[in-house]
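K.L.:
Read off the chains here:
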Amino acid sequence: MEITVDHKKTSRRSFLTLAAATPFVAGTLAACGGSSGPGDSGGDDGDGATATVWYLTGQPQETIRTDSYDVFNEANPDGTIEATGFQNDAYKTKIRTAIGAGEAPTIIWTWGGGGLRDYVNNDQVEDLTDWFAENAEIKDAIFPSAFGAATIDDKIYAVPCETVSPIVMFYNMRMFEQVGADIPTTWDEVMALVPVFNDAGVAPFSLAGQSRWTNMMWMEFLYDRIGGKEVWAAIYAGEADAWSNPAAIDANTKVQDLVKADGFITGFESITADSNADQALLYTDKAAMMLHGAWTYGGMKADGGDFVSGGHLAFSNFPTVDGGMGDPTASVGNPSSYWALNAKATDEEKEIAKNYFATGLNTDAVAAAWVATGGVPVITGVDSEFAGSEDEEWLQFIYDTASQAANFEQSWDQALSPGTAETLLNNIEQLFGLAITPEEFADNMNATLGQ
Amino acid sequence: MTIPALAMFIAFGIVPLIGVFWLSMQNWNGIGPITPAGLANWSSMLVDPTLYSALWKTFVVMGLSWAVQTPISILLGVFIAGHQRYRAVYAVFFFIPLLLSSAAISIAFKALLDPNFGLGAGLGIPWLSQNWLGEPTLAMATVVFIVSWQFIPFHSLLYQGAIRQIPTSMYEAAQIDGAGRLRQFFSITLPQLKYTIITSSTLMVVGSLTFFDLIFVLTAGGPSDATRVLALDMYLRGFRGNLMGPASVIATILVLLGLALALLLRRLGGSDANASQLEGA
Chain A
212 MEITVDHKKT
222 SRRSFLTLAA
232 ATPFVAGTLA
242 ACGGSSGPGD
252 SGGDDGDGAT
262 ATVWYLTGQP
272 QETIRTDSYD
282 VFNEANPDGT
292 IEATGFQNDA
302 YKTKIRTAIG
312 AGEAPTIIWT
322 WGGGGLRDYV
332 NNDQVEDLTD
342 WFAENAEIKD
352 AIFPSAFGAA
362 TIDDKIYAVP
372 CETVSPIVMF
382 YNMRMFEQVG
392 ADIPTTWDEV
402 MALVPVFNDA
412 GVAPFSLAGQ
422 SRWTNMMWME
432 FLYDRIGGKE
442 VWAAIYAGEA
452 DAWSNPAAID
462 ANTKVQDLVK
472 ADGFITGFES
482 ITADSNADQA
492 LLYTDKAAMM
502 LHGAWTYGGM
512 KADGGDFVSG
522 GHLAFSNFPT
532 VDGGMGDPTA
542 SVGNPSSYWA
552 LNAKATDEEK
562 EIAKNYFATG
572 LNTDAVAAAW
582 VATGGVPVIT
592 GVDSEFAGSE
602 DEEWLQFIYD
612 TASQAANFEQ
622 SWDQALSPGT
632 AETLLNNIEQ
642 LFGLAITPEE
652 FADNMNATLG
662 Q
Chain B
-8 MTIPALAMFI
2 AFGIVPLIGV
12 FWLSMQNWNG
22 IGPITPAGLA
32 NWSSMLVDPT
42 LYSALWKTFV
52 VMGLSWAVQT
62 PISILLGVFI
72 AGHQRYRAVY
82 AVFFFIPLLL
92 SSAAISIAFK
102 ALLDPNFGLG
112 AGLGIPWLSQ
122 NWLGEPTLAM
132 ATVVFIVSWQ
142 FIPFHSLLYQ
152 GAIRQIPTSM
162 YEAAQIDGAG
172 RLRQFFSITL
182 PQLKYTIITS
192 STLMVVGSLT
202 FFDLIFVLTA
212 GGPSDATRVL
222 ALDMYLRGFR
232 GNLMGPASVI
242 ATILVLLGLA
252 LALLLRRLGG
262 SDANASQLEG
272 A
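The listed protein sequences derive, respectively, from chains A and B. Take 212 as the starting number for the first sequence in the working numbering and just add one per residue. Take -8 as the starting number for the second sequence in the working numbering and just add one per residue.
Simulated from the structure, these hints should not be mistaken for laboratory data. Certain hints may be false.
Claimed, not checked - Okay, derived cross-link-like pairs now, SDA-like style, lysine to any residue, Cα gap no bigger than 20 Å in a straight line:
(1) A:Lys350 / A:Asp364
(2) A:Lys497 / B:Leu119
(3) A:Lys366 / A:Tyr382
(4) A:Lys305 / A:Glu562
(5) A:Lys497 / B:Asn107
(6) A:Lys497 / B:Thr61
(7) A:Lys465 / B:Ser215
(8) A:Lys471 / B:Leu119
(9) B:Lys185 / B:Asn107
(10) A:Lys497 / B:Trp118
(11) A:Lys497 / B:Lys185
(12) A:Lys497 / B:Ile116
(13) A:Lys305 / B:Gln121
(14) A:Lys305 / B:Pro24
(15) A:Lys305 / B:Leu103
(16) A:Lys497 / B:Pro24
(17) A:Lys497 / B:Ser215
(18) A:Lys497 / B:Leu110
(19) A:Lys555 / B:Asn20
(20) A:Lys350 / A:Glu562
Using the sequences and the hints given, assemble the complete structure.
P.N.:
The following block contains the structure:
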């Protein structure tokens, strides 16, 4: 029945068929890092100079950012800013690729620390020390502590802006009233509360585990509370076997104890912080507690109905650990946000950017907008603005937590170099997933020391 | 026509391949200077357990998604190859997943499968509120399911076309000989589809090497690397870990693997894979 027409069995044909399959493989590989920034991120339109900026999306912060560009552009029609928004986690990989490809915006958002140091070492960002010296009034208006993560080898490479964001404990008081419990002040009380909430059908803690840095916040506090600030200081300094400190192993073990006791909500491994789902779990009464950055207050206030306004949200610093050596006032988080200036930008673009730094970034109106969302701007004397605010208690708490902390540690993943931070986050995910032991975590991380 | 096609192929196929191979022997963090590394990236990668775990997961996704997609695609193909009008309507619905981008599919499924806010919670069906993407084995199964959901329509279409090419005279002859529907399927349809099966399998197998977007959005390789397939491992090392050298090693391995698998499947098909079986062809 078969009527076949035999084509020549040449190896050339086989090769061409294979060759046709090759772009199929290679195409996807190229697609991973290929495309440059969206739109005309070069920012050179010809008429009227434009500087470019990429900002982070997510309300309520997003509106404050875009408003500040709009106000600036209206006041400076000759030198405007063209802004493009990105999600937080996506931005972290995007910006680095763009900088490497020479496609980065004029103004580069950064968290300071190790990431900024990497840019500085490769001459990608401008030294702003002289600019701050010439504009002393701008420098004096900003919290002195905010400059730490912007300073590399005694030179300032970024302008601190926006808010100081310590990590704090949030509590859903509706759930605490339901089970008749008090806010935990020690780790033992935390562990005792876990079965209480689980029995009541409420997850003890909300956590967006897929974002990984969310898990890291737990470790930052436990390392500090158990072993004091010296534990992290030794790691940061690259001392041999610093991750094997008994306090570190103890902290790793405590994290796994909490996971094993079902301390975190079901499915935390697949929840991302970018979608604010972790906040939603707290204000929809699915979880009783959450450890998170101060920036989440604004989101919960905006999206949580009467959760914040009705007084159902309580907050405190991280609980102490019995016998721990850490100072109970110590805190971790982001001392500020930062804007750096792209060294590859044209002089014209740099002038616009500096003009924005001086007149558009830390204005009174912007500061007031931050305060209205429950943020504490990094502006000296801003606490005098708190009186009468409906968020007064919260604002004062954050101000005190940040300003009176015995030690305010920058988030680990921002303080470390980006390569080490990725290894850290990967191992933290495995630790929370119970895929590695506390000791294996220490061994894996010890291998990164001194790199 | 040969010259432009060849030029395109060299520019977008060969040159990047050479570039990636060269980069696999360099140190580069993405923004700094590029320095030669010799074979250091290769020797460190070839003893890296994460690479082998990613390789294994790639084969798991490949094998499972092939085993799920092929029978369903053939059956759907047979179904929509019929000329009844209602089947054409069904075919349109089956086709919908193919029109959606992988990212859109992932985001939609991620929302639907969320154990706390997803379909299970919304409809009040506790069984649906599993930890679909948070439990390692379940996450892998979910990925295979969604991949299949996305690509079955495409392969059904291939089979539909191939089935319609089978001469009706064969079925008429079989009917005269007294063959039932099942017998016709196994004795005529399936053997006649041999080359379509090979083509479709090649696309599935080689295509599954490049699954990246869907898994990246769904699980980002988690939980605890349970869905960290090779293409994702490459991205995470390259663009999150800023290790372009090791990432290029993986890219090279992916290319070699893809070529080897395509060659193997061609061999399986025999040397007459391009031969036509149509009357008068």
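K.L.:
So, for every hint listed, does it hold in this structure?
P.N.:
Here's how the hints hold up against the structure:
Distance check on the hinted pair: lysine 350 of chain A and aspartate 364 of chain A sit about 18 Å apart at the alpha-carbon level, within 20 Å; holds. This hinted pair checks out: lysine 497 of chain A and leucine 119 of chain B have alpha carbons roughly 17 Å apart, not beyond 20 Å. Of the pairs offered as hints, the one joining lysine 366 of chain A and tyrosine 382 of chain A is violated, with about 40 Å between alpha carbons and a cut-off of 20 Å exceeded. In summary, the hint linking lysine 305 of chain A to glutamate 562 of chain A is not supported, as the alpha carbons are separated by about 25 Å, beyond the 20 Å threshold.
Restraint check: the Cα-Cα separation between lysine 497 of chain A and asparagine 107 of chain B comes to about 8 Å, which is no more than 20 Å; the hinted pair holds. Restraint check for lysine 497 of chain A and threonine 61 of chain B: not satisfied, since their Cα atoms lie roughly 41 Å apart, outside the 20 Å limit. A C-alpha spacing of about 19 Å is found between lysine 465 of chain A and serine 215 of chain B, which places the hinted pair at or below 20 Å, so the restraint holds. Our distance criterion of 20 Å between C-alpha atoms is broken by lysine 471 of chain A and leucine 119 of chain B, whose separation comes to about 23 Å.
Between the alpha carbons of lysine 185 of chain B and asparagine 107 of chain B the distance comes to roughly 45 Å, so the proposed pair goes past 20 Å and is violated. At most 20 Å may separate the alpha-carbon atoms for a hinted pair to count; lysine 497 of chain A and tryptophan 118 of chain B meet this at roughly 18 Å. Restraint check: the Cα-Cα separation between lysine 497 of chain A and lysine 185 of chain B comes to about 53 Å, which exceeds 20 Å; the hinted pair is violated. In summary, the hint linking lysine 497 of chain A to isoleucine 116 of chain B is supported, as the alpha carbons are separated by about 17 Å, within the 20 Å threshold.
Taking the CA atoms of lysine 305 of chain A and glutamine 121 of chain B, the gap is near 33 Å; set against the 20 Å cutoff, the hint is violated. Under the criterion of a C-alpha separation no larger than 20 Å, the hint pairing lysine 305 of chain A with proline 24 of chain B is consistent with the structure, at around 19 Å. At roughly 28 Å between alpha-carbon atoms, lysine 305 of chain A and leucine 103 of chain B are farther apart than 20 Å, so this suggested pair is violated. Only pairs whose Cα atoms come within 20 Å are accepted, and lysine 497 of chain A paired with proline 24 of chain B is rejected, the gap being roughly 49 Å.
Of the pairs offered as hints, the one joining lysine 497 of chain A and serine 215 of chain B is violated, with about 24 Å between alpha carbons and a cut-off of 20 Å exceeded. Under the criterion of a C-alpha separation no larger than 20 Å, the hint pairing lysine 497 of chain A with leucine 110 of chain B is consistent with the structure, at around 16 Å. Proposed proximity of lysine 555 of chain A and asparagine 20 of chain B is supported: the alpha carbons are some 18 Å apart, at most 20 Å. Among the hinted pairs, lysine 350 of chain A with glutamate 562 of chain A is consistent with the structure: their alpha-carbon atoms are about 18 Å apart, no more than 20 Å.
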